[in-house]
Amino acid sequence: MEREALDKLRLEMRRGSIVLAVLAQLRDEHYAYSLRKSLLERDISIDEGTLYPLVRRLEKQGLLTSEWREEEKRNKRFYRLSDHGRTVFEQLRKDWEELNHSVRTLVQEK
Amino acid sequence: MRLVESYLNEVGRYLPGSDDNDILRELRASLEEQVYDAAGDATPGPQHEKTVLNRLGHPMKVASGYRGQRYLIGPELFPIFIQTLKTVLVVVAVIQLALMLTGYVASGWTTSVKGLASGLFGTLLWATVVVLVVFAVTEYSGERLNWYDGWTADSLRPTRGASVKGSNLVTNLVSEGVFLLWWNDVLPFHDWIPGAIKTFDVALGSVWEPLFWPLNLLFGAWFVLHAWVLIRGLWQPATLYTELALGALGIAAGGWLLLHGPLLSVSGDVGADGELIAHRVMLTIIGGALVITAWDMLVAWRRLRRAAS
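Keeping their order, the protein sequence lines are chains A and B.
Heads up, the first sequence is in the working numbering, so the first residue is 1 and it goes up one at a time.
Heads up, the second sequence is in the working numbering, so the first residue is 1001 and it goes up one at a time.
Everything labelled a hint here was simulated from the structure, so no lab data went into it.
A couple of the hints might just be wrong.
Derived BS3-like pairs (lysine-lysine); straight-line CA-CA distance at most 25 Å [to be verified]:
| hint | chain 1 | residue 1 | chain 2 | residue 2 |
| --- | --- | --- | --- | --- |
| 1 | A | K73 | A | K37 |
| 2 | A | K94 | A | K73 |
| 3 | A | K60 | A | K94 |
| 4 | B | K1086 | A | K73 |
| 5 | A | K37 | B | K1050 |
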């Protein structure tokens, strides 16, 4: 039971930062699978069932643009930040740095 | 990659509807690449497909991610809620109809058609409310349905086909069922015209008489086919060919009727243009039915081509 509660808290903590991580990776162009792999290489594991719908939602919100293109004889949908997405990402990055600084100070006190 | 296609068919059954093809196209591209990655230098095979699909998990869980926020029942529970609701409604309707038929065999019709329809509707409404309450309570209790986690790709059958949209098939089933009831005089629509304005009578022309059994068989076959596909949740080549064949027969029957009219026999005080209007309405109904049949055939043909590729 304690383990389950801890998992839930971890999940909630990660949930808030996943969007920022995805936007950060999409400053460079990626298709869904390469995005997942590049996040995994940085120890951020997001299962496809969460990541792919998230990317589509971000595109619908106008933060990403996408296009279907052939690469290595396979059609893939490539995503990258839109101009609006870059503005939003910069703002979120600043907010995250401030929050990170505040939380770090808090948890290191005493 | 037959298992991947079966998996995508399963996912497609539970997607919300608007961007299904686009979502499945993207998932297919990603899954194929993962299968090639899993195979490494070897030729990709079913075992590699299973490895990838087992990691991804239950198709319903994947589809639930594409659903937006729902206020009464959340995206994780919603697909299984819909699946359960459909199953319960079908079971309840079958039991109710069986009870009605038993009553008919035992003592004949003691209730009007409207009364029977109203009884059936009331039962289905209650069943819906019960399922809804159970799932709403589950949602708000925060209970996770762990049965998702036990899923493995071994349960997939490598089939060629296209997933179905239940709502389209239910529309077909209802219209075919209503036609059969009307054609066999169980639902006599002309009795619904109020007596006060009933100064004339409209009946089908004699041209329909030779089609009594052919249309019973045709619509009966359509009904059985669509019920079968709805239960399987998949259009397969055999069912698609049957749909095309039945569509061709339907168009032939409609064409024969149009060529050999008159379609209606009108009697009584019908007014100056009444008979002409009645004929035009009938022509429009048959024309509409032919267009819908042709459209269904075109959709079946496209599905068949997609399944073949």
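Verification of the supplied hints:
no.: 1; hint: A:K73 to A:K37; result: holds, 20 Å
no.: 2; hint: A:K94 to A:K73; result: violated, 40 Å
no.: 3; hint: A:K60 to A:K94; result: holds, 23 Å
no.: 4; hint: B:K1086 to A:K73; result: violated, 42 Å
no.: 5; hint: A:K37 to B:K1050; result: holds, 19 Å
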